[in-house]
Amino acid sequence: MVEDASLLAIFLKRLLRTFMRESVFANCESDFVVAAIKKKKRLDGRLFEELRNIELHFGSDYGCAYVTLGETKVLAQVSCELSEPRNARKNEGNIFVNVEINDMVCGVFETGHQSHLGIHTNRLIEKCIKDSRCVDLEALCIISEEQAWEIRVDVSVLNYDGNLFTCCSLAALAALAHFRTPHVTIENSEIRVESIKEHEPEPLSLHHYPILVAFAIFGEGHDILLDPTELEEKVCESELIIGMNSFRELCGMHFSGRTTGNRLLIVKAAQQAALVAGDLVKLLKSKLEKDNEERKKNRGKTDGLVTAIHLDRILSASQDRNSLRVTMREIEESARSLFVGHSAPVTGKDSDDDQDLESDGKESENDETEVAYSKDKRLGIQLPPMEKMAFGEKWIPSGNKNAWTLPNATLSDASDDEVDYVKTITDEDRIIDKIDLNDSEEEQDTVMLEAQELK
Amino acid sequence: MTKQKSNPKEVEEITTCKVGEIVLPGQIVDAVGVKEANKKNQVIVGPGLRKIGDRIVASKCGVLREMNGKIFWVDALGKRYLPARGEGVVGIVTKKMGDYFKVDVRAADAALLHFLAFEGATKKNRPEVNVGDVVYGKMVVESTDMEPELVCINDEGRKTNMGVLSGGFVFRASLHLVRKILQRDCPLLPSLGSAFNYESAIGMNGVIWVKSQDPVSTIAVSNAILSAETMTPEELTTFCANLR
Numbered sequence: 001m002v003e004d005a006s007l008l009a010i011f012l013k014r015l016l017r018t019f020m021r022e023s024v025f026a027n028c029e030s031d032f033v034v035a036a037i038k039k040k041k042r043l044d045g046r047l048f049e050e051l052r053n054i055e056l057h058f059g060s061d062y063g064c065a066y067v068t069l070g071e072t073k074v075l076a077q078v079s080c081e082l083s084e085p086r087n088a089r090k091n092e093g094n095i096f097v098n099v100e101i102n103d104m105v106c107g108v109f110e111t112g113h114q115s116h117l118g119i120h121t122n123r124l125i126e127k128c129i130k131d132s133r134c135v136d137l138e139a140l141c142i143i144s145e146e147q148a149w150e151i152r153v154d155v156s157v158l159n160y161d162g163n164l165f166t167c168c169s170l171a172a173l174a175a176l177a178h179f180r181t182p183h184v185t186i187e188n189s190e191i192r193v194e195s196i197k198e199h200e201p202e203p204l205s206l207h208h209y210p211i212l213v214a215f216a217i218f219g220e221g222h223d224i225l226l227d228p229t230e231l232e233e234k235v236c237e238s239e240l241i242i243g244m245n246s247f248r249e250l251c252g253m254h255f256s257g258r259t260t261g262n263r264l265l266i267v268k269a270a271q272q273a274a275l276v277a278g279d280l281v282k283l284l285k286s287k288l289e290k291d292n293e294e295r296k297k298n299r300g301k302t303d304g305l306v307t308a309i310h311l312d313r314i315l316s317a318s319q320d321r322n323s324l325r326v327t328m329r330e331i332e333e334s335a336r337s338l339f340v341g342h343s344a345p346v347t348g349k350d351s352d353d354d355q356d357l358e359s360d361g362k363e364s365e366n367d368e369t370e371v372a373y374s375k376d377k378r379l380g381i382q383l384p385p386m387e388k389m390a391f392g393e394k395w396i397p398s399g400n401k402n403a404w405t406l407p408n409a410t411l412s413d414a415s416d417d418e419v420d421y422v423k424t425i426t427d428e429d430r431i432i433d434k435i436d437l438n439d440s441e442e443e444q445d446t447v448m449l450e451a452q453e454l455k
Numbered sequence: 001m002t003k004q005k006s007n008p009k010e011v012e013e014i015t016t017c018k019v020g021e022i023v024l025p026g027q028i029v030d031a032v033g034v035k036e037a038n039k040k041n042q043v044i045v046g047p048g049l050r051k052i053g054d055r056i057v058a059s060k061c062g063v064l065r066e067m068n069g070k071i072f073w074v075d076a077l078g079k080r081y082l083p084a085r086g087e088g089v090v091g092i093v094t095k096k097m098g099d100y101f102k103v104d105v106r107a108a109d110a111a112l113l114h115f116l117a118f119e120g121a122t123k124k125n126r127p128e129v130n131v132g133d134v135v136y137g138k139m140v141v142e143s144t145d146m147e148p149e150l151v152c153i154n155d156e157g158r159k160t161n162m163g164v165l166s167g168g169f170v171f172r173a174s175l176h177l178v179r180k181i182l183q184r185d186c187p188l189l190p191s192l193g194s195a196f197n198y199e200s201a202i203g204m205n206g207v208i209w210v211k212s213q214d215p216v217s218t219i220a221v222s223n224a225i226l227s228a229e230t231m232t233p234e235e236l237t238t239f240c241a242n243l244r
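Read top to bottom, the protein sequences are chains H and U. Mapping of the first sequence onto the UniProt record's numbering: position 389 corresponds to residue 389, and the numbering continues sequentially without gaps. Mapping of the second sequence onto the UniProt record's numbering: position 163 corresponds to residue 163, and the numbering continues sequentially without gaps.
This is chain H alone, in the form it adopts within the complex:
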């Protein structure tokens, strides 16, 4: 009895401590998030079904992938070694997934043992990648019952701002898709592993590309938020994580929290997940191709993660320091692009807004840099040269976009990946419209709020 009581006390203490560490958020913050979501607003100005800015870069070594999703940053590295296959499956190799969350990432995480979130993410990724059998394990076998490749995926979280699941699973998958095992020759049942320099290594064979897509659910299942931030994850009623591949096949699902699940909610989320997964896989494949081409040109060498550095920003690795974003222009634009196929928004907007409709719809498919710039254009801000500094000479600006570069320079940057994501919304909603899930009210609402703000 005494032992039980002391165990209980230890348990409670630990529980209390974890609780203490996590409650750095104020009550008013969570209340505010809930109130804003009731009004169909997210703090960072995204639509409910919008991903944050996503980036994917491959390292100079095979099997290294770096993914950033907003401010969540993850690095995955795949390695392999020869080992004996398991007794149960003698002609198959093996795959391990390990997610590491260092306590440097965020004050909430503790050193030493793996945190709850770490285990959770680890298990979900395992479910998604290992249990969906996307890697051809039989191809990893070299000699049955004797030697097989053992693949290890190490995912290290570098920064945490919600939605580790999508970020980690994309990184793990990208690393696997990028990885190559060294060539192996067998002479008289003796295995020789060739050096990568001497013999071209062989890529793993992947049957399909499964990706985890996370949702936060609010308002008793009415509001489904794609890609929640840390705050949204903390506040939400329940979390729904769906593993999906580009063929719209379900590869794992996790639903926890206090919302009563209903069919409509799951179906709606799954539809979105399928679209997001499709787009992410498209991004992954295009990046992989680019990397391949570059390696072909430069004899197997690339610049690696140097490409992840942004020269147009003062903090080169940071995407956007403003956790709260100007909602006006961006939402307006994306809302408009949604309405391209529909009737014009019915709110108290003046006529020239409607005329802009077509052209703006195209514009919204651009990269964020451009949106940010056009925002400035709208406010009539002239970007000043660096020398002219009157007031506040004592301050150096910092943070997201470097305002000092010329507008042309920023525009030329607008090339790759993000383009897809803004598109996602349009496609998504068209398809969702086809299934007749009435979600058009969301966008109309946002437009209305815009009109108020635009004053």
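Hints were generated in silico from the structure; no laboratory data involved. Wrong hints could be hidden among the right ones.
Distance condition first, Cα-Cα at most 16 Å in a straight line; then the derived EDC-like pairs of lysine to aspartate or glutamate [to be verified]:
1) H:LYS39 with U:ASP214
2) U:LYS51 with U:ASP30
3) H:LYS301 with H:GLU289
4) H:LYS40 with U:ASP214
5) H:LYS38 with U:ASP30
Quick partial rundown of chain U residues pointing at chain H, CB under 8 Å, derived from the structure [claimed, not checked]:
6) ASP104
7) VAL129
8) GLY132
9) ASP133
10) PHE169
11) VAL170
12) LEU182
13) PRO215
14) VAL216
15) ILE219
Using C-beta positions, here's what the derived DEER-type ranges look like [stated by the list, open to error]:
16) U:ARG158 with H:LEU264: 51 to 61 Å
17) H:ILE191 with U:ARG50: 52 to 62 Å
18) H:GLU293 with U:ILE71: 53 to 63 Å
19) H:ARG258 with U:ASP214: 23 to 33 Å
20) H:VAL306 with U:MET146: 40 to 50 Å
Please read all numbers here as calculations on a predicted model, not as lab measurements. Yeah, the Cβ is synthetic: ideal placement off N, Cα and C, and Gly gets one too.
Once you've looked at the hints, dock chain U against the given chain H.
Chain U alone, transformed into the frame defined by chain H:
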């Protein structure tokens, strides 16, 4: 800040750095102003500068700044708050410990807030403060190595604007942004005030509390404050002119 007497002999240096230039950690700082100050024989060395031996060496990467030719410091981007006496901060109550509340002020240590440090509080009449509440108060720091203390009353026992903040929204900004918008000649807050109805508490620790009648304008205000971080002064003035 450490007061120190500097040695006039030290000035024959290889590297020269002017006020307003970028200094790197380890760089020996001997700006023109430092030399001039040497005549008066006294310099005040602020954050980011350190006296090592006879020399003043930068300990942070940033821009060298000066005030009245006497005070020198390095202006760097920062997020981690170092408590300083008398600064107004916004904190979040994380724990109740007997007579004290523990308040997270984004510093290395949580600050302590005594329950009697509220206006009109007595042993019988305890103030109502709960875990998760947002508090605006003043820092009382005896030594940088000790746990800082927070109070919500001034010397006369009045609360002025301090105390528990109810409702609204809290967000974190960098320390230099806070210092920037609290500058006397910064046009941001006055023009925001003419554009929106809102209340705000801006803590020197980089925590900002904003409250207005609906979430949309709260987001708009918070947004405007956050986006001021990257603006050049001219952009800021145009931005503010647009707000009105």
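Status of each hint after checking the structure:
1. Annotation: proposed proximity of H:LYS39 to U:ASP214 holds, straight-line Cα distance about 10 Å (limit 16 Å).
2. Of the supplied pair hints, the one linking U:LYS51 and U:ASP30 holds, its CA atoms being roughly 12 Å apart against a limit of 16 Å.
3. A hinted pair counts as satisfied when its Cα atoms are at most 16 Å apart, and H:LYS301 with H:GLU289 qualifies at roughly 14 Å.
4. Simply put, H:LYS40 and U:ASP214 have alpha-carbon atoms about 13 Å apart, close enough for the 16 Å limit, and the pair holds.
5. Taking the CA atoms of H:LYS38 and U:ASP30, the gap is near 57 Å; set against the 16 Å cutoff, the hint is violated.
6. At a threshold of 8 Å, the smallest CB-CB gap from U:ASP104 to chain H is about 6 Å, leaving the interface hint in force.
7. Among the interface hints, the one on U:VAL129 is violated; its C-beta lies about 11 Å from the nearest C-beta in chain H, farther than the 8 Å criterion.
8. For U:GLY132, the interface hint holds, the least distance from its beta-carbon to any beta-carbon of chain H being 4 Å, beneath 8 Å.
9. Because the beta carbon of U:ASP133 sits about 6 Å from the nearest beta carbon in chain H, less than 8 Å, this interface hint is met.
10. Among the interface hints, the one on U:PHE169 holds; its C-beta lies about 4 Å from the nearest C-beta in chain H, closer than the 8 Å criterion.
11. The restraint placing U:VAL170 at the interface with chain H holds, with a minimum CB-CB distance near 5 Å, inside the 8 Å limit.
12. Checking U:LEU182 against chain H by beta carbon gives a least distance of about 12 Å; that is not within 8 Å, so the hint is violated.
13. The beta carbon of U:PRO215 comes within 4 Å of a beta carbon in chain H, closer than 8 Å, and the hint placing it at the interface holds.
14. Taking 8 Å as the C-beta cut-off, the interface hint given for U:VAL216 holds, the closest approach to chain H being about 6 Å.
15. This hint holds: U:ILE219 has a C-beta 6 Å from the nearest C-beta of chain H, less than the 8 Å allowed.
16. Take U:ARG158 and H:LEU264: their Cβ atoms lie about 56 Å apart, and the range 51 to 61 Å holds.
17. A hinted range of 52 to 62 Å holds for the C-beta pair H:ILE191 and U:ARG50, which are about 59 Å apart.
18. Hint check: H:GLU293 to U:ILE71, Cβ distance near 57 Å, so the stated range 53 to 63 Å holds.
19. Checked against the given bound of 23 to 33 Å, the beta carbons of H:ARG258 and U:ASP214, roughly 27 Å apart, stay inside it.
20. The given range of 40 to 50 Å is respected by H:VAL306 and U:MET146, whose C-beta atoms sit roughly 45 Å from each other.
When the structure is compared with the earlier hints, violations turn up for hints 5, 7 and 12 and for no others.
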